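S.K.: Below, each chain spelled out in residue letters.
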Amino acid sequence: MSTILSVRDLTLRFHTFDGVVHALNGISFDVQAGETLAIVGESGSGKSVTMMSLLHLLPMPPARIARGEALFYTNGTPTDLLKMSRADMHRVRGAQIGYIFQDALSALNPVMTVGRQIGESLVMHLGMDAETARKRAIDLLDDVGIPGARARYRNYPHQFSGGMRQRAMIAIAIACNPRMVIADEPTTALDVTVQAQIVELAKRIQRERGMTVVWITHDLGVVAGIADRVLVMYAGCPVEIAPVDDLYDHPQHPYTRGLLSALPRLDDRSRRDLASIQGAPPDMMASPRHCQFAWRCPYVFDRCWKAVPPYYPAGKGHATQCFYDLENGRPRTDA
Amino acid sequence: MQRYILSRLIQSLLILLGVLLIVFFMLQLTGDPVSLMVSRNASPEQVQRVREEMGFNRPMMVQFADFMTGAVVGDFGMSLRHRQPAMKLILERLPATVELATVALLMAMVIGIPLGLLGGSNPGGFWDTLCRLAGLIGQTIPNFWLALILIVFFSVGLGWFPTFGRETCTVFGIHLPTRSVILPAFALCLFTTGQLVRFTRAAVLEIKNEDYVRTAYSKGIGDRQIYTRHILRNAAIPLISIIGVQFGYLLSGSIYIETIFSWPGIGNLLAEAIGNRDFALVQAIAFFASLTVVILNLLTDIAYGLADPRIRYGD
Ligand SMILES: Nc1ncnc2c1ncn2[C@@H]1O[C@H](COP(=O)(O)OP(=O)(O)OP(=O)(O)O)[C@@H](O)[C@H]1O
Ligand SMILES: [Mg+2]
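Sequence order for the protein chains is A and B.
According to my numbering, the residues represented by the first sequence are 78 to 412, in order.
According to my numbering, the residues represented by the second sequence are 95 to 409, in order.
Keep in mind that the hints were calculated from the coordinates and are not lab data.
Treat the hints loosely; a few may be bogus.
On the chain A side, residues computed to face chain B include the following (Cβ under 7 angstroms) [as the list claims (entries may be wrong)]:
hint : residue
1    : L134
2    : R170
3    : G171
4    : Y176
5    : S198
6    : M201
7    : Y233
8    : F237
9    : S238
Reference listing, derived: stretches of chain B covered by chain A, where coverage requires no fewer than 3 residues with Cβ under 8 angstroms from a Cβ of chain A [said to hold, decoys possible]:
hint : region
10   : 321-334
11   : 393-403
Computed from a prediction, not measured in an experiment: that's the story for all the values here.
Beta carbons are placed, not taken as given, at the ideal position from N, Cα and C, and that holds for glycine.
Could you build all of it, start to finish, from the sequences and the hints given here?
M.R.: This is the structure:
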């Protein structure tokens, strides 16, 4: 497998009137072509900001990228998305990388028909004429499972149900057959049965078109069914990255372990309450000088307050930013 | 949409009824209308004769019924001064006011909307500063003062425009405006331009942070199309109501501007009617102005519905 995206040390801050928000503190990860990488973490941990910054979708100011690079590979040739010009970026968005947003109602233009919103990028990137774009958009609506696509083409977003809007959102993101699709919590606003349908749809489309998917969610339950690998984020730091099975079986970071034990399990007969992680996430106004999870960590020891932990390898394709070796139940003994 | 229009129509009729009531009682509020109409040293017999001629001696309810039946067919009685039906005088003056108001509105739109768009797209920049300046000037500079300055500078000084009056040229029987409309329209459009600049700018600033604009960017749409296709199209919805209200205000006739430029419109007629205590005419103009505003509001609501599919296809 080849790498399609390689993010290194991505550090991003929001310079607001109330001070500097340290939203991302040195995020590094790779995405392999054709895989599904899930990014999980609680609200505010920086999942959306990470992916939006790659496509320059954050308002700048207040957002500012302090350092880092994001290499996007085309036929083995890397280009740094973060340094890309405005004009080049317009050619990547939609054509190379599609973005599915969380709340489809607010993410769709209320005064433009759904069909035109899909067709717009076809005209833009593929140079289709209006009639071809219309036919193609109807095919896409059909493909994402909207019944009566021909008639629905003319509808406005408010005439769609929540699930249909999310399907239309997917059609927009995949319209130009991008190599990579970012799905930013596409199922959060939907009820459970519709959620499952959308997940199935995403999986089918990925399989059929061989797309790479980055799936952002805070629901570890969804992750198991869809992801190949998982990146766990906490307070703007990438605390753990691992293949999905390995993560569930051998979580190497106390935060991940906490998240997993907070999941309800069907095979658990004991009537105990679900575990929850004590405390609240840190305020992000200060630049991190030590592990951001230290305040809430049950395994915290003196070293955790002295430095930000680097990535420690913890098995094949598995790495964690933690000074404590959970597997062996003792602090790590490196220099 | 049909129900929406119907409900707006009924509302409009109720408003007009209310306006007629007010217009009728406005006259009664002055005490004895006849004493205002006759000269100060008229004898009591003369006053009584006028009162009977005008029908003010009849019971109030009869007068009201009479007034209302007349008003419904546009009959507001005779102008005391002109000895002609008040409505006829208004209709004669109407084309001049419509011409002035239309040109003023077009000027305001052509200047105000692009400026607001440029300002809102780049807050803090050059255009934005210009934008805020225009908004401020439009709302603070009195248009009669600007009118005088314009006359002194462009008409008297440079001689580019006539100093007063309305000239039209007739092509195939249609009266078309000439350059005589430019100065009065410019002076008149000042406030409306300021409003349009401010509202366009505010709408753009708000809409460009909407999620759907981010979605459009995520598709790779260029800035130009983002602004014209996505932002302006959404900003048009609030702008429609501003334009409607402003056009109503322009069409009711501007007393100042029409007087300064001796523009033979309704504002001019009103100034004259007030000076002459020509009650029937003042009443007719007051009603006519309200009618204009009500009709425009109705059209605005319909346009609003057409521009916003959530209303068009709603309920
Ligand atoms: N425009 C902004 N100005 C200031 N701070 C911002 C802005 N946008 C995001 N942030 C901050 O960046 C941090 C990360 O936000 P982000 O939206 O990436 O969280 P998330 O992990 O996607 O959460 P959620 O699950 O709620 O979507 C948050 O602390 C947030 O307060
Ligand atoms: Mg998010």
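S.K.: Now tell me if each hint is right for this structure.
M.R.: How the hints compare with the structure:
no.	hint	verdict
1	L134	6 angstroms, holds
2	R170	4 angstroms, holds
3	G171	4 angstroms, holds
4	Y176	4 angstroms, holds
5	S198	4 angstroms, holds
6	M201	6 angstroms, holds
7	Y233	4 angstroms, holds
8	F237	12 angstroms, violated
9	S238	15 angstroms, violated
10	321-334	holds (count 5)
11	393-403	holds (count 3)
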